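Visitor: Sequence lines, in order, name chains A and B. Start counting the first sequence at 17; every next residue gets the next number (my numbering). Start counting the second sequence at -12; every next residue gets the next number (my numbering).
By construction, these hints were calculated from the structure, which means they are not laboratory data. It should be emphasised that the depicted structure is a prediction, and the values quoted were computed from it without experimental measurement. Some hints here could point you the wrong way.
In silico DSS-like links for lysine-lysine, alpha-carbon gap of 25 Å or less [claimed, not checked]: (1) A:Lys172 / B:Lys389; (2) A:Lys332 / A:Lys278; (3) A:Lys292 / B:Lys42; (4) B:Lys42 / A:Lys355; (5) A:Lys168 / B:Lys132.
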Amino acid sequence: MSVLSAALLALPLIAAPYAAAQAVPNGYPADYAKTIDAAKKEGKLVIYSSTDQASATPLLDDFKKEYPFANVEYQDIGTSQLYSRFLAEAAAGSPSADLLWSSAMDLQVKLAADGYALTYASPESKNFAPENSYQNMAFGTTLEPAALIYNKRLVKAGDLPATHAAFAKLLSGGKLSGKLATWDPEKSGVGFTLMEYDNQSNKDFGAVSQGLGKAQAGLYSSTGAMLEKVVSGEALYGYNIIGSYALLRQQTVPDLGMKFWKDGTIAFQRVAFINKNAKAPNTAKLFLDYLLSRRGQLVMANKALIYSLRSDVAGKATRTTLTQQVGGAANLKIIAVDKRLLDNLVPATRNAFLDIWRKNVKGQ
Amino acid sequence: MTAQPSKASTPGVVRPPLPLGWWLLMAAVGLAVLSPLLLLLWQSLLNNPFFAPVKTVGVSAYTQVLSDPAFWRAFGNSGVLALAMIFIAVPLGALLAFLVTKTDLPFAKVFEVLLLTPIFVSPIVLGVGFIVSLGPSGFVSAWFKALFHLDAAPWSVYTLPAIALIAGLTHVPYVYLYVSTTMKNLDASLEEAARLSGAGVWKVMTAVTLPLVRPALVYSAMLMLLLGFEIFGLPLVLGDARGVDVITTYLYRLTAITGVPAYGPMAVVAMILICMALVIVFMQRFLTRTSGSYVSLGSKGYRAERLKLGGLRWPLALIISAYLLYAVVTPMAGVLLRSLVRSWGPGVNLFSALTLANYQSIFSTPDLARSVLNTLMVALVGGAAAVAVYLFVALGIQRAPKGVSRTLDYLAGLPRAVPGLIMGLALFWLFIFVPVLKPIRPTLLSIAIAYTIVWMPYGVRLITAALGQVSRDLEEAARISGATATGAFVRATLPVLRPGLIAAWLLIFMQFVREYSSGVYLLSPGTEVLGAQIVQLWSTGAVDAIAALSSLQIIIIVAVYAIATRIGVRPG
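Construct the entire structure; sequences and hints are all you get.
Guide: Below you can see the structure in the form of structure tokens.
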């Protein structure tokens, strides 16, 4: 990260009003002090998360500043392992996470629906839309737009497609053969969620997916692989890449371009919930509220470079900047944290989409 | 537990009742190996997680996997990889072992060090290295294109044949290690005799040396077959884009198709691989059933002069250099280069992209920094303990009465057959559901135990090969002069075996530093290890950190290797 951007990122923190540690945050009910006091008596807060420790560190550090007594144990693991671990630990009654924070929206909502989540009326809820939480159990915390990434050395800005339809045409043109990278929804859970929602909300998905097939797009199961392909120029474009990861990589690789669609950009949310049997439920509440708070979202947007979900946050990766980039709120299509996600875990529904995918992309 | 080296297996002697020591050994190994496997067997027959309140028993998971064409495609691809590994790695590894240990090949020392490097490196990283150097945007490809004015490099690293070739070539060191350990211990008088009777270098190799090390050749071929079906990192990185699935990457498909982790079908895949492993161990036992007659390092072993290669000396050195350049230097350079730049590919000026930031960011992230230390602990201390365990098992296989010996041989051959991710999950289940194991789970001990179990087939065969070379004459002599069985072993055999054991420790150390998939579920804050961190980082995109971490991995192993060589330990 350059010195300049580091200095810019530090600004909001310096400018943030000094909050006396352990005081009830502004706008919270007075009895929140009870939660804080109870948290002081708890042991360490254990978090399982699919967010890299490197990205989470600014959040954890700032959380410690707000609640210096809190002792946080942060464990980053893959989404699928996170689910498996928690489920087995809950069944065995062995120590597990107090708070789970993962990009696998469907698995998080499933755990909540299956009764593993604590019901909690967060004082931050009033700042969020109904689509951002599920029954006061599972809470959307971030905005994860799917971007078209490209290699600036090899793609001229003028050649960039403006709409999905234009992209589909470009794909079918025959010049991009083997130069595309995208998710393999048959191998990645997050990839499935994105592609399936893309199909629901984007009328040109059929044409785009057929184009991906014609261009013999490489299908990947990890963001790491796709970013690497586009950075090196092996692929010119990456389709439906998680925007926050790409934004983070842009800090060190200026050749990496990122563009959001103006005819509909899809986005998911990283979902957090508190374990119903948490050992440190009060500290977990503090952390959840912190993630949802203006202060937490400010750190996300400016230091962790994860797009903030709140619209009252200014900075680099925010809902506001994103809304501008996609050309208005109507074009930002966010996957809601709700029961519909569970349909994705029904084999028949799942296969219905995978059949379309296989037909369009693989000609099967 | 003390293994009681008994004379029970001496032919023609009435067998005394089975000593308690063997029973204990068999029970311990059986418990360690079979409990995760039986748990998987049970899971393979259930429609829900075994810990779920509602579940039914049936074979639906078997039907699902066996009727899935994608499974058979993956199975076929794994078979191709395994065969390529046998037919490339075994002949090449044996030939290299012979040339380095027995002949006057120039630069033999340098070749040996280079040759071993691929086993220092996580296969995920090796894959990244091949992409950075030989991939469509790779720097070697770029030179080649510029040199011959081509639009694209005339090769691909993403097809099945390419992955098979790479897998074969990068597994040469495993065979080299097995075979050269054995060759160095050979009593050279037989080769000397052949040479004095006028046999040329090749005649000595094919008629004397190779037949003498036949058990090691068989072991390494069987190990290649086992590892071929377990291989994960290379196909994950190289086969992803073009949909070249193998058994281990097919597991991802299983999970993503149902949306939730599909434990049943995963366990079924494990069962199929266990059946294969049983067949493999059976074949190995059949092919080495007469290995007792090959004992050749005794009290009287001596070393002869190196064989003269004559006119072939330099051409051979050149061919070996070409192999090393392709299979070792190029991907290693790729990894190192990737760890030092922010961006790469055509159009990037690598000099201006140079940076140390990738390393700095590791040391500013507490869990990554801690994982370097933890990995060293697990590999050094856990590795030493593992060698002790493997020694007992190997002694049991060599010396226990037939039934125990055979059981141990089969048990020890099983764990590596199960893909590390599934084995790691099964071990994790045991650690949280078995009350006595619960306190161990959040400690490094759980990772050391998991690694010891997972690498048992490799370690036990390594030590069996060394043990097979030690004549028991000395020990018999000690027994006759009144030593106890244990005393005779400790004083007569162990000193001769010690270099072999220390070498085994070094090799196990390297495997433990590199191991990645079986630790993924056992990580907890404070017990992070490098290999598993790399898997996690791969999914979120931090290839910068991966390259830097693995360069550190290489540095750790090379440093330990250098120290070990300095103090007189030789890996072969």
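Visitor: Hints the structure violates: just list their numbers, smallest first.
Guide: 1
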